[in-house]
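Visitor: Listed below, chain by chain, are the residues.
Protein chains: 2
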Amino acid sequence: MHTLHVELGERSYPIYIGRDLLRDPRLIASHIPGSQVVLVSNDTVAPLYLDRLREAVGERRLLTEVILPDGERYKSLQQLEYIFDRILADRHSRSTTLVALGGGVIGDITGFAAACYQRGVEFLQVPTTLLAQVDSSVGGKTAVNHTLGKNMIGAFHQPRAVFIDINTLHSLPAREFAAGLAEVVKYGLICDAPFYQWLQDNMARLLAREEAALAEAVERSCANKARVVADDEREAGMRAILNLGHTFGHAIETAQGYGEWLHGEAIAAGMVLALQLSAQRGWIAGEEVAALEELLSGMGLPVAPPEGMHADQFIDLMSRDKKVLDGRLRLVLLQEIGQACIVDDAGEDELRALLERV
Amino acid sequence: MHTLHVELGERSYPIYIGRDLLRDPRLIASHIPGSQVVLVSNDTVAPLYLDRLREAVGERRLLTEVILPDGERYKSLQQLEYIFDRILADRHSRSTTLVALGGGVIGDITGFAAACYQRGVEFLQVPTTLLAQVDSSVGGKTAVNHTLGKNMIGAFHQPRAVFIDINTLHSLPAREFAAGLAEVVKYGLICDAPFYQWLQDNMARLLAREEAALAEAVERSCANKARVVADDEREAGMRAILNLGHTFGHAIETAQGYGEWLHGEAIAAGMVLALQLSAQRGWIAGEEVAALEELLSGMGLPVAPPEGMHADQFIDLMSRDKKVLDGRLRLVLLQEIGQACIVDDAGEDELRALLERV
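These protein sequence lines are chains A and B, in that order. Following full-length UniProt numbering, the numbering of the first sequence begins with 1 at its first residue and continues without gaps. Following full-length UniProt numbering, the numbering of the second sequence begins with 1 at its first residue and continues without gaps.
It should be emphasised that the hints constitute simulated quantities derived from the structure, not laboratory data. Wrong hints could be hidden among the right ones.
[What the hints assert, rightly or not] DEER-style ranges, computed between Cβ atoms: (1) A:Ile315 / B:Glu260: 47 to 53 Å; (2) B:Asp231 / A:Asp344: 20 to 26 Å; (3) B:Gly237 / A:Ala236: 52 to 58 Å; (4) A:Ser35 / B:Glu210: 33 to 39 Å; (5) A:Tyr82 / B:His2: 44 to 50 Å; (6) A:Pro306 / B:Asp344: 43 to 49 Å.
Beta carbons are placed, not taken as given, at the ideal position from N, Cα and C, and that holds for glycine.
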C-alpha cells in the first residue's frame, strides 16, 4: 500500500492506494471518528463491494445504507434529497460520517450531501472506478447537476481520507475503464510530460489491467492532482488546468442530457478539441494532436464530438459554463505537451473556425 | 449610520446600521464586485422595497429578480431549485452576486443558494425584518428546511456585507416585530445583562418603534452576535449559546409543520422552557423566570408551548435536533441572567419533569 497526502493545512488528508484495501479489517474503520455511519453506493457497485465495505467500517451504533440508481442522470437534487430523507429518518447527528462507495457520481453527490447535511459532516471516499480513483475522489469538489448545466450546484468539501482499492478495477466494464484512462492521459498532457510518455509506452499493460501498471498510473495521477489541488484548493487560478477538455466535454454531455456518452468519453473528445485549438494557435504541432488521437483511439475513446453536434450548439452551451467570468470564456490550452495554460481571449470566430472544421 | 465589523480574517465583513440605507445611491452598489446581480425577495417585501434596492445596486450588465412566496414553508429544497433555475436560465457566472432582500427565510435560502451556486458566489444581506436584522443576517449560517427538521440542509457562507435599514421596520406587522424582539431579548439573557436591563426599561419605546430605541436595540444585538460569531465561526463551541430556546423552539415549529407560529414566537416559548429548566436545576431564581415571562408577554409573545403539544412529542422531535451529538442532547441553559452555558447531561426524566409541568 502506498500513501499520498493532499496538503491543505487543517484539511489535509491521506490517499491510500493498494490491493485489497477493502479487505483490511482496520484501515477504513480507523478513519471513522464517531459511532454513526452512512454508506452511499449505487445498484451496480453495491452488489459487488457493499458487503466488504460494511465489514471494513466495523460495528457502529447507527449504520444506514443508501443505494441510488446507477448513472449520471441521478446526480440530481432529487437524489440528494432522497439521501437527506434517509439520513434524517434514521436520525443521524452532526457527528455522523458519510462513506461514498462507487464512481464519480456517487462520490460527488455523497460529498455534497456531507457538505450540506447539518451544514457539514465528515466523509470518506472509496472510489471503485478508474475515473473516480484518479480524479473525482481527490480534491474536494462536490456537486450535483442541473438540467441547464453540469456540476452547477455544489461545494468544496474535502474528504477525511480516500481509499483506492486497485482490485475493484477488475470488475469495471471496458468502456468505463477506457473513460477513466482519458483523465489519466489528461495529467500527462497538462503537467507531466514524462508520465505522458510512460502512458504511450505502457498502454498495452494498462489495457490488460496489469496490477503493477494500474497502481503506477493511479498513483502518478493522484500525485499530480494532489499537487495541483494543494496549490489552489478553491480554483482561484491554476487548479483550472485540471479542466483540460472539460468545457468542450461538458457541452457534449449537456447537449446529450447526460448518460449518452460517459464523462471520460466526452473529455477525450474535448481534449482533442483543446489540442486542436492549441495547434490552431501554433502552440503545439499538428503531429502532437495526431499522437493524442492515436493514443485515445487505441483506448477505444472518441476523438471527435458526436454526430450532429454543431458549432452553434457548442458555443451556446459553452457560454453557460462555470468557467465563464463576466462574459469571457476561459479555456485550458497547451503551450506544449506537459504544460497547460488558461486563456480567456478565445473569441467566437476562433471557436467557430475550430468547431466547423471537426 | 453606524458600522460594526464581524472579524473573521479574510471572511471579515461590515454591518451597516442606519436610517434610509436603501436610499443611499452608492453604499450597496460599492459592495457588488461584478457586473451581474441577482435580487432575491418575497412577494410581501418586494412590492415595498424592491424598487429602492434596484436603484441602490445601480446599472448592471445582468440583473435577475427572483420573487419567492412569503413564508417559512418556502424555505425548501424546491424553492432553492427554483432560484437555481432562474439564475442558470439567465446564465449568471461564478462572478455574480446574490442579494437577499427580506426576512430570515429569504436571507437563509439566498445565502445557501450563494454557497452552492457554482460552488460559491458572493452575497449581500439586506434584512427587512427585526428578526433578520438582529440575528439571521449576521454570522453566515445558511440553510433550507426538511420536512423532518428545520435548517437541516445548509452551509456556513458569510455575506460580503450586511445593510440594516432601520426604516424598513416601520412596515413590519406587529406580530413579526414582536417575534424579532424575542431574539433581541435572547442576547440580553445569554451574554449581556446590562442590555437585558435596558430592554426592560425601554420596552415601551421599542414597542412604539422609536427610531433611536430601534437603532440601539439592533446595534447592541448585532454587536453581541458579531462577537460570539468571531470567536467561534463554525459553532465548535460557545457559538451554540445563540441557540437559547431553539431546541425547544425548533420542536414546536417542526410539530406544526412550519408557519403556524413564527420562528421568534417559538423561540420565546422555548426560552421560557430553557429558563424553567435552569431554575429546576437551581441555577436561576423562579422570579427571574417570571420576569422573562412578563417581558415576553408584554411584547405579545407566547410563554408556553402550543396547546396539545405533549412531552412525548417534544422528546421525539428534540432527539432529531442538530445539536444532538452521538445521542446526547445539547441544551443551552442559563447559569445566571447574562451568562449562558451548554449542557449535554439533560436526561429524559429531567426533560419529562419539565415538559409535563407546562
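Visitor: Hint by hint, which ones does the structure fall short of?
Guide: Violated: hints 2, 3, 4, 6.
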